[in-house]
Structures are given as C-alpha cells and as structure tokens.
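**Q** The lines below spell out each chain.
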Amino acid sequence: MTHLTHNPDLTSSVIYGLGWVYLLMFLMNAYWTRRSYALDGNCRLSLGGILGKGEQIPVAAFWAVYAGMLLMIAITHLTGWKNPQQFSLQMPEFLKEPINRASNPVAFFIGSTTIYVLMIVLRKWWTTPTAGWILLNLSILFLALSVTDYDFRQIVGKPDNVPIVAMLYIVGFFTWLYFKKSVDNDERKAAGRPLFEQENNEKVLTWPDLVYSELICMVLVTAVLIAWGIVLQAPLEEPASAAKTPNPSKAPWYFLGLQEMLVYFDPWMAGVVLPSVILVGLMAVPYIDFNKAGNGYYTFNERKFAVSTFLFGFLPLWVAMIVLGTFLRGPNWNFFSPYEFWDVHKLELLNNINLSELFWIKGLGRPLPVVPPGATFAQQAPIILLREWLGLVGVAFYLVVLPNIMAATVFKKFYVKMGFLRYMVLANLMLMMMSLPIKMVLRWAVNLKYIVAIPEWFFNI
Amino acid sequence: MSVGDYIRGSQIWKSIFRHPAPVDRRNRVVVMLTNFFLHLHPVSIKQQGIALSYTWCMGGITFFLFLVETITGVLLMFYYRPTLEFAFNDILALRDVTTLGIMREVHRWSAHAMVITVWLHMYRVFLTGSYKPPREFNWVIGVLLLVLTLLLSFTGYLLPWDQLAIWAITVGSNMARATPFLGYEGPGAQLLNIGGYDLITNGSDARFLLLGSRFVGEATLNRFYILHCVAIPLVVSLLIAIHFWRVRKDGGISQPL
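In order, the protein sequences belong to chains A and B.
No gaps in the numbering here: position 192 of the first sequence is 192 in the working numbering, and each next residue is one more.
No gaps in the numbering here: position 238 of the second sequence is 238 in the working numbering, and each next residue is one more.
Just chain A, same shape as in the assembly (with noise of 0.2 Å):
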C-alpha cells in the first residue's frame, strides 16, 4: 500500500511552505518596519570610517532591507517550489556541525535551565517590544533554517509533531506576555502607581463586551480548525500488528517528558509515583502558597518562590523534556542531535553502575552480597538491606532528614509562616521535583544508575 508509507519525503512542500513562512515574516517586519519608523529615530551609520562622519539614517532602515530580503526569499520559494533542491537558503554546515556536536542530553538540560535562569534574571531586558521581535525573527529563522535539513524536516514534519512547534512559539509567547506585564506592575508598586490591572477596571456589560469576543473568538478558532485539518492530514501508518514493534515506541507526544524520566528511574517512578506526585502537587497548590500577595495581577517580585518553582516545572521539567522525547530521542531511545539520521544500528555504549556496586566493589574492594537462588523473603531481606543500606540510607535522609534541616536554615521563613504539615508538604514535592535533575546530574557525573537497586522487589530508584 503505497498510500501509507509513513515517512513520505516532505521536501517539495517544505520549500513552498518555507515560501509562506517567508512571506509572512516580509509581511510582520513591513510593519516592524512602519513602527520602527515612527517611534525608533535615528542613527549614525559610518561603516567605520567609509562614509566619512557618518550619515543619520532611521533605524528602520535596517528592518526595511531585512524585509526586502524576506520578500525576494519568499518569491523564490514559493515560485520554485518544484524543484526539489530549491532552497534560497540553507542551514550552513558550519553551524550545522558545531550543532551537532554540542548536543545531547546534558547540554540540553543544562542549555534550558540556563535559559530559565536567564529568562528571569534578564526580564526587563528581554521583555522590552525590539527584544521580542528580535527573538521572534532569529527563533523562526532557525526553524526555517533548519527544516532545510533532510532529518530535521523529517521529524519536526511529522503531523502529530506540528503542535508542539506551534505550542512552543505560543509558551514562549506567554511567557514573554507575563513577564512583560510582571516587570510593568512591578515598577509600577515601586513607583507607588496604580497597578495595572487596577486601572480601568470598571463594570461593563457582559453583553456586547464580552459576548461579541467570545463569538469573534469561537469563529477565528473554528477557521483555525478548518484551514490546519486541510493542510495537515492527520496521521496513520500500517494497520496494528503486535508482532512488529516500531522502534522507537513513543507514548503520545504530550507524555513523552514522561517516556524521557524512565532514562533515569524505573517505570514505577517515572511512569506512576511521579505524574502523581505531580498531580497531588498541583492540587496542593493553593493550599501551601500562604502569600497573600499577587491574586489577580501580574507580578514577579511579590511572589519569586512561587513563580520561580513553577517556571521551572514547566518549562525545563516538562516542556523542553517533551521537545527532548519527541525531536531528539531516536531507535532504541538513543539521543539523535538535530541535523543527524536516525540510525537504528546507533550505538550507545551503558556502563551505568549502581550505588552499592559502587560502594562495595570499587569502595570496599569487595563482593556483593549475594541473595542465594530460591531463597524466601525472610531469607533476602537482611541480605538486601545490607547490600543496599548506603542507597536506603541517603533516600531516607533525603525524605525524612533533609526537609527538618531546611526548616532550619534555608527555608526558615516557611518553616514558621507555614505550621509542620504543610511546610513538609511543601518540602517532599520540592524534593521530589528536584530528584530528577539530581538523578541527571549522578547519571552524567558518575554514570550512576540506580541509588537503591533491589530488583528482586522491583524496587529501584
């Protein structure tokens, strides 16, 4: 069946879809271009000393030659598209290798976190309208860059796989939205102002107000809808077999953060104890955040903890572990850079170790212990302990210890503000958060696999 060949190559519509893209950045930055005009001034252009003193020229000019640029690129994609090497523009290999060669899963983790840490500590400087738009402008000129790349396009292509380009754009969006907004009201409380959702904040009649933008909402959705179900055939590959396992298996995009986890923990970990530490975690929210400060306003600075925490679920945690699941995690769950083929012969070599292997063979120089065959749980378990009491030990020190010497030092504020109960809610979902990275980082630094490893009980983590 011809029809259902699951990987149809995507070049052809890429370069007219590029063509598209293309034409609507000419049209955003035209319009850039008319701002800037107005509102931008003037600068000093010198070239170095070639012109002289310099002529005062608008800053739009340079929005305008980008533009024009961006118009006779979309002219030539959308007018060649047939031809199946007609990209006006191409990922250079010079960027392209030093990509490739940078990527796997600690620069990644390390690349979004630092974003994150970025992304707060520079927010007034980010947020401001210019900063936006730059950031807009070179983050979809690297997708459409990189969609010139065969394996790229081959992947991010993939139906299902558009959302979560389209949801990164709009996080990305949002985020930029509510520090905006944050860092505005935060100026205005120093400054002693109204904040501003205080201001024009009057009653006004449901009808027309809001009625009309839900109707005008519900139609722009729906043609949404309509125009992304015609240019996008949902997908579906050959008919179910249960004797030929794809490889790689993925969950549903929206659980591959998840899928991602079971690198580090056992799927009774990562598959349930976390997502529902997660869900309990959310739901316990409103009842462990005691600052009153921050309900119905945007606002970084009364609420840093709160903020700060969820940011970092979010956006390092969850949705760049999902672009990670999705884009860059091949056959056999291999890590695959960006520009690169997914090669099903890959090899990775695994030469994780586990805590008590670690403790007794390479510390103590020793066997061990052993669990003789065929031995009944009484018989294992004081063997067991034995092996694995260093891991049992640091988990419950982690758990049980560790939140009471917080309370103590770093987190004495909550501590008192918050009663025993739910400071030590608090305490073990912030702990049970931050195990993933941590079980990261000894993955990397030590290549440690499991800190108690007690697979005679399927009992690892």
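Don't take each hint at face value.
[Stated by the list, open to error] Not everything, but these chain B residues come out facing chain A in the computed CB check (under 8 Å):
#1 H19
#2 P22
#3 T34
#4 I50
#5 L148
#6 L151
#7 F154
[What the hints assert, rightly or not] Ranges of calculated distance between the beta carbons of each label pair, as one might list FRET restraints:
#8 B:E85 <-> A:F341: 46 to 54 Å
#9 B:T201 <-> A:W20: 52 to 60 Å
#10 B:V23 <-> A:K417: 48 to 56 Å
#11 B:V23 <-> A:W20: 24 to 32 Å
#12 A:V106 <-> B:F215: 33 to 41 Å
#13 A:K244 <-> B:T201: 25 to 33 Å
#14 B:Q47 <-> A:T128: 20 to 28 Å
#15 B:F215 <-> A:F341: 25 to 33 Å
#16 A:N404 <-> B:L33: 52 to 60 Å
#17 A:F397 <-> B:L192: 23 to 31 Å
#18 B:L257 <-> A:T76: 56 to 64 Å
Because the hints were derived from the structure by calculation, they are not lab data.
For glycine and all other residues, C-beta sits at the position ideal for the given N, C-alpha and C.
Given the coordinates of chain A, work out where chain B should sit on it, guided by the hints.
**A** This is chain B only, laid out in the frame that chain A set:
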C-alpha cells in the same frame, strides 16, 4: 411594517425570545438573565476579567474545543466501528473516500490543541495567582479536568488502530504494570499473596484493568472506545459545570472578593 418587524412581532418569535433585541441597556441586561446559554455569564463584569491580554482566553478556547470535539466526535461515531475488523479500514475510508472525512482531522487537531490550551489556561491561572482564596477548590477541579483531558486524548489515540496507535498505548500502559502493589512488576506486589498464590498477576493487575487484556487487543479497543466516547466525557461535563459554577460563586475568574 417590514418583514423583520412582522417576524419579531409574531407569537412564535416572542415565545422564544421574551424581550426586544439587546440594543439598549435594559435589554442587554435582560438577555443575559433570560437566555439559557448566556446565563452562565454574569450580567456585568469587571473589565480586567475579560481583557484578552489578562485572561489569554485559554479557558474559553478549551471549552470551545471540548464542544468541537463533542460535535465532530459524534459525527465520527456514526461512521466508525470499534472492532478489529473495521476500525482501521473505517479510518482509512474517512481519509480517502468519505464526504466530510476532514472531521477526523478537525477532531485530532482539536484534541492536540485542547491539551495545549488546558496547559496555557493553568499557566495563566497560576501566574495571576487566581488559585488563591477563595478559589482554591476550583483549581483542584481544574487539575482533575487536566487529567481527564489527557485521558480523553490518550484513549482516543488508540481508536485508529494503526501502528502509531497500538504502540503508543502499549508504551503508555506498560507503566501501569509497575504500579506499586497493584502492578505485577511493581514493588510490593509480591507481598500480596495468600498461601503462596499471588493476587497480583498479569491477568489481575492495574494494567489488565486498563486494557481488559494482557496486551493491547480487541478488549482494549472496546474499553477505550467507551471510555473515550461516553464515560470520560460524562465526568468531564459534570466537572466543567462545577468549574463554571464555582467561577460565578467565587466572584469571577480572578482577584480577591
């Protein structure tokens, strides 16, 4: 008298719409009180409660997508038969020959979009601190709706019965077999035995409950179909009703009372 005035003056029209068109202040209030669909809203509302840059509209879009899913889903149910014999071929026919087969595309893309808009709705609610008193419990209901949205999407993922479907569900449901105590490869399951007989086997554990079988098979298809089309939507509808009702009772979407 124009035709329009004649229709609006007729007994039929007046029996449906009990007041003149909402063009003046009085009737704009009355329409909100007398129309069943509009009465979910208050009569008047704080400007910030409807400002797009504040609300992001994601909760509303999520609800609208749920309606789209219901409508396209019902249409698809007229066509699709959830059996090993027909499931795949019905989807294939929807794609290749059926009039309005695009309903499947709209259904699938709305489902993806709905997962994203639920997240963004929660994102906004968190970032505006709207879960703070008196709205704590509505946030909890919201988290339940998040779970159910994911489950709706997950159960629907199986129905096309292609390779993508069964292996995604296999990977996802394999987690259940590691459930502590209740999965046969989960920690503690060995402890649950009576006189040497295990209570938790691959024919009685959490995964079996989910799949109705030891592997993803016809029983699973039937189970997921009913969960997807009937059971979960019913629960979701109830929770949505409570969610909206609480918004009204708690004094709007945001800000202290």
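**Q** Each hint should be assessed against the structure and marked as holding or not.
**A** Results of checking the hints against the structure:
{"no.": "1", "hint": "H19", "verdict": "violated (12 Å)"}
{"no.": "2", "hint": "P22", "verdict": "holds (5 Å)"}
{"no.": "3", "hint": "T34", "verdict": "violated (11 Å)"}
{"no.": "4", "hint": "I50", "verdict": "holds (5 Å)"}
{"no.": "5", "hint": "L148", "verdict": "violated (11 Å)"}
{"no.": "6", "hint": "L151", "verdict": "violated (11 Å)"}
{"no.": "7", "hint": "F154", "verdict": "holds (6 Å)"}
{"no.": "8", "hint": "B:E85 <-> A:F341: 46 to 54 Å", "verdict": "violated (38 Å)"}
{"no.": "9", "hint": "B:T201 <-> A:W20: 52 to 60 Å", "verdict": "holds (56 Å)"}
{"no.": "10", "hint": "B:V23 <-> A:K417: 48 to 56 Å", "verdict": "holds (53 Å)"}
{"no.": "11", "hint": "B:V23 <-> A:W20: 24 to 32 Å", "verdict": "violated (42 Å)"}
{"no.": "12", "hint": "A:V106 <-> B:F215: 33 to 41 Å", "verdict": "holds (36 Å)"}
{"no.": "13", "hint": "A:K244 <-> B:T201: 25 to 33 Å", "verdict": "holds (27 Å)"}
{"no.": "14", "hint": "B:Q47 <-> A:T128: 20 to 28 Å", "verdict": "holds (26 Å)"}
{"no.": "15", "hint": "B:F215 <-> A:F341: 25 to 33 Å", "verdict": "holds (32 Å)"}
{"no.": "16", "hint": "A:N404 <-> B:L33: 52 to 60 Å", "verdict": "holds (56 Å)"}
{"no.": "17", "hint": "A:F397 <-> B:L192: 23 to 31 Å", "verdict": "holds (29 Å)"}
{"no.": "18", "hint": "B:L257 <-> A:T76: 56 to 64 Å", "verdict": "holds (59 Å)"}
Going down the numbered hints, you'll see the structure goes against 1, 3, 5, 6, 8, 11, while the others check out.
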